[in-house]
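Each chain is listed here by its residues.
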Amino acid sequence: ETGVTQTPRHLVMGMTNKKSLKCEQHLGHNAMYWYKQSAKKPLELMFVYNFKEQTENNSVPSRFSPECPNSSHLFLHLHTLQPEDSALYLCASRPGVGLGTDTQYFGPGTRLTVL
Amino acid sequence: AQSVAQPEDQVNVAEGNPLTVKCTYSVSGNPYLFWYVQYPNRGLQFLLKYITGDNLVKGSYGFEAEFNKSQTSFHLKKPSALVSDSALYFCAVRGLPNNAGNMLTFGGGTRLMVKP
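So the sequences go chain by chain: A and B.
Going by the working numbering, the first residue of the first sequence is number 1, and it counts up by one from there.
Going by the working numbering, the first residue of the second sequence is number 1, and it counts up by one from there.
This is chain A alone, in the form it adopts within the complex:
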């Protein structure tokens, strides 16, 4: 276990539903990430938060809305998704700035299916 947890592990939702993915780490890390992993595609970075501030939005559609209330928690709010949004959504965290803090630690992911 990496110390990064994600809930739920599996989620099936309709295109009109609203749901949220949760990521939690108690490693004392200061940076958190959302990635999307689709079949036969490279891992896609979605959002980056450093010290609770969003520092990167990788041209993600507005139907994905991240929230980082504190350094330990990261949410991804989902609404009016499309079937092509079905994927494994991975959360990662990193200690912070400075040497030796480069490694990202990943959660197990949420397998999302949009019907």
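Derived by calculation from the structure, the hints in this document are not laboratory data.
Keep in mind that this is a model prediction, so the values were computed, not measured.
Hints should not be assumed to be uniformly reliable.
Stated by the list, open to error - Subject to a maximum C-alpha distance of 30 Å in a straight line, what follows is the list of computed DSS-like cross-link-like pairs (lysine-lysine):
hint	chain 1	residue 1	chain 2	residue 2
1	A	K52	B	K77
2	A	K36	A	K22
3	B	K77	A	K22
4	B	K115	B	K77
Let chain A serve as the given structure and place chain B on it in line with the hints.
The following block gives chain B in isolation, referenced to the frame of chain A:
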């Protein structure tokens, strides 16, 4: 822009034989290079990284990787493969400067199949 190429979608090796999973990269400045492994229905697990120092980096589960600056490569190796090494392997790179978010660029992944 930084990029990573993993030229092989799948690598097949017999148990007990040495394995190599290839990775080449393109980045501005000195690269930070990483290998991650993903087992079925799991997230990515960190294996090893190269930041500076010795070109041969040793990591978890007996894996190692060799940084070759002239060939811009960072191939993953293991002297003797185990069936339990079968998984999806990702190479990633982070370049400097202007990457305050420590954004990694991942390769497409290579599936390693180790057969008994």
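Status of the hints after comparison with the structure:
1. Distance check on the hinted pair: K52(A) and K77(B) sit about 37 Å apart at the alpha-carbon level, beyond 30 Å; violated.
2. A C-alpha spacing of about 14 Å is found between K36(A) and K22(A), which places the hinted pair at or below 30 Å, so the restraint holds.
3. Taken as a hint, the K77(B) and K22(A) pair is broken in the structure, with Cα atoms around 35 Å apart against an allowance of 30 Å.
4. About 17 Å separates the Cα atoms of K115(B) and K77(B), which keeps this hinted pair within 30 Å; it holds.
Violated hints, in rising order: 1, 3; the structure is consistent with all others.
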